[in-house]
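A.B. asks: So you can see what is in the structure, the chains are spelled out below.
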Amino acid sequence: MYEIRFHGRGGQGGRMAAEAYALAAFLEGKYAVSFPFFGAERRGAPVRAFTRVDDKKIRIKTQIYEPDYVVVLDETLIETEDVLEGLKEDGMVIINTPKKPEEVQLSKPVKCATVDATSIALEILGRPITNTAILGAIAKATGKVSIDSIEKAIIEKFGARLGKEAGEKNAKAARVAYEKTLVGVSQGGKEFVPRKRWLPTVEEMPIGGAIGTLQTEAGLVGIGSFIENKTGDWRTFIPVVDKEKCIGCRLCWFYCPEGCISMVEDKATVDYDYCKGCGICANECPVNAIEMKREVRE
Amino acid sequence: MNIKDLPEESLFTPGHTACAGCAAPAIVRNMMKIFGKDTIVYTPANCLLVFSGTYPHLAWKVPYLHEAFENTGACISGVARAYRRKGRKVLVVGFAGDGGTYDIGIQALSGAAERNEDAIYVCYDNEAYMNTGIQRSGATPYGASTTTTPAGRKIPGKLEHKKDMAEIMRAHEIPYVATLSISHPKDFLEKVKKAKETEGFRYLHVLSPCPTGWRFDPSKTIEMARKAVDSGMWTLYEAEYGEITNIYKPKKKIPVEEYIKGQGRFRHFTPEMIEELQRWVDRKWERLYGEKP
Ligand SMILES: Cc1ncc(C[n+]2csc(CCOP(=O)(O)OP(=O)(O)O)c2C)c(N)n1
Ligand code: SF4
Ligand code: SF4
Ligand code: SF4
Ligand SMILES: [Mg+2]
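From first to last, the protein sequence lines stand for chains C and B. Going by our numbering, the first sequence opens with residue 1, and the numbers climb by one from there. Going by our numbering, the second sequence opens with residue 299, and the numbers climb by one from there.
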């Protein structure tokens, strides 16, 4: 048996990827199961999905704690999620990134495959949905399932949901990713620091349950404390304001769901720590002073 | 009242976890700017609660309470009375979703309205139970595909039309009822201000386009709200003590087809279904404007 853990963000389709991979293995006569795990959070929040493949019936129903392969659909998750957690000694990480495996910084050197699935998806699908391209990379990196079966599984699974043409385009994205995947070894030495959670005991809870703003070891809690949650890494596209064109009408300031636009000397200024890249500001600006650009991250 | 009259300071922080492009955070942030800091907020279970109040974090900078799904009306009644008893002037506001308003919360809401409690009830209407994964509600429009009305061989999406909740509230003859759209800032802000200044029970109903549940590109959220108004799918008006006092009329009415076009939940629509939805819009239009569209 081998086990794969997918790390993605809600809305990126990690669950569909896990399911399509299971289907591809099934088409090759294997037993395969897959399921997602997510908390109460929305699109953009870290989510996990799992796939198990075996030659015999699979009876384990638990989450996967010691994966053979880890798939990372969104590179920024490496900062916030312990992606190497429990990875087997000779396990491998497959990451969506423009970097080469040797340039990827992790907490220890591990076998690593990389592919720029976002660019492939944008080019072929016109949308930054990377869950099919990454499947091609998994096929290449692991050699556990053929790219033909991956393509068949994608056409069957995505085709049924999105129509035949979309199914075929997604299969093509997987094929292109398959051809472009690089396999090597990552860098080590970048220690992963897990975020502390503040979970008070009953005695620590204020009577009546009311919490003001508290500074704790884990950071701010209570009133206004979401300010510490930087949502900027959800973004694929970044709004760039042309200050010359901006007439200071404040429409973007009013409409931005994040409230992360402020007016500096009457010109719109975006706080990129929070901007999720939705594109509403660019769509609504009456003088087209905002342009959404593909974000390039260090 | 216009955008430029709004204070800079926000009582709703960034860092919340709503989907990119969600209309709800912009709606509550701008409403809170007018309600001000002497406000206490109640929210039942819904997306807003989960993206702005997941323990131990909170996006609100005012006292904020989470209550059960069905009793927003009862909770805001009790708190408003407690403050009155204490002689303190605090604005009590409940923010509930359409599921929490049209369906499960309607009894407590109707009771609070009938007793004319001194509180504001805001329904942000994203036309389904989004937090639990897009189930149909009484607010879901005809034909929309949701996880409990999946368009396919058996049914073509939801079989029933949207319930007219604002009209039900108007029939309570409360001091103030208004329908709002974030795409019309001046109208939106004036209504929020009016609600704040009115005493007794006030009901604000705002359309809240949801890119995840309606399946459209997140950059189009405001455009969707605007098209909802321009097509007559969403109508803007105010009523005081049951009498309509102000109606907004779109300059040019667009066909519903224009509105449903970019939304995945309507993707399966046949010409007959479009006609059915258009007939519903036209009936509503005629009732409100007293003339054929
Ligand atoms: C009594 C009860 N039933 C069911 C639930 C589960 N639940 C939590 S949020 C939610 C959906 C809320 O829908 P809506 O009010 O429309 O708000 P939205 O999430 O769409 O913003 C449901 C069904 C609950 N919390 N309590
Ligand atoms: S909408 Fe455009 S013009 Fe108006 S403030 Fe924003 S950037 Fe400037
Ligand atoms: S892209 Fe969206 S989140 Fe970013 S500044 Fe514009 S409106 Fe706000
Ligand atoms: S599911 Fe819809 S309403 Fe809920 S946070 Fe996402 S966009 Fe907003
Ligand atoms: Mg809802």
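FYI, nobody ran anything at the bench for these hints, they're computed from the structure. Built from N, CA and C at the ideal position, the CB exists for glycine as well. A few of these clues could be false.
[Unchecked claim] Below 27 Å or equal to it, Euclidean Cα-Cα: the simulated DSS-like pairs (lysine-lysine) are:
1. B:K302 - C:K169
2. C:K243 - B:K302
3. C:K88 - C:K108
4. B:K484 - C:K267
[Unchecked claim] To give an idea of the chain B side of the interface with chain C (calculated C-beta under 10 Å), a few residues:
5. L304
6. G313
7. A322
8. N414
9. D515
[Stated by the list, open to error] A short, non-exhaustive set of chain B residues, derived as facing chain C with CB atoms under 7 Å:
10. N300
11. I301
12. P305
13. S308
14. H314
15. R327
16. H355
17. A357
18. T510
19. S517
20. P553
A.B. asks: For every hint, state whether the structure bears it out.
C.D. replies: Hints, one by one, checked against the model:
1. B:K302 - C:K169: The given pair, whose Cα atoms are some 47 Å apart, is violated under the 27 Å limit.
2. C:K243 - B:K302: Status holds; Cα separation ~19 Å.
3. C:K88 - C:K108: Holds - the C-alpha atoms of K108 of chain C and K88 of chain C are around 13 Å apart, at most 27 Å.
4. B:K484 - C:K267: 21 Å, holds
5. L304: With a minimum Cβ separation of about 7 Å from chain C (threshold 10 Å), the hint on L304 of chain B holds.
6. G313: 4 Å, holds
7. A322: Given a least distance of 8 Å, the restraint on A322 of chain B holds.
8. N414: Since chain C brings no Cβ nearer than about 29 Å to N414 of chain B, farther than 10 Å, the hint is violated.
9. D515: 7 Å, holds
10. N300: At 9 Å from the nearest chain C Cβ, N300 of chain B fails the 7 Å test, so the hint is violated.
11. I301: 5 Å, holds
12. P305: 12 Å, violated
13. S308: 5 Å, holds
14. H314: Constraint on H314 of chain B satisfied, holds at 5 Å.
15. R327: For R327 of chain B, the interface hint holds, since the closest Cβ of chain C sits about 5 Å away, which is under 7 Å.
16. H355: Check passed: Cβ of H355 of chain B comes within 5 Å of chain C, closer than 7 Å.
17. A357: 4 Å, holds
18. T510: Holds: closest Cβ of chain C sits about 6 Å from T510 of chain B, inside 7 Å.
19. S517: Result: holds, 3 Å to nearest chain C Cβ.
20. P553: Hint on P553 of chain B: violated, closest Cβ of chain C at ~22 Å, above 7 Å.
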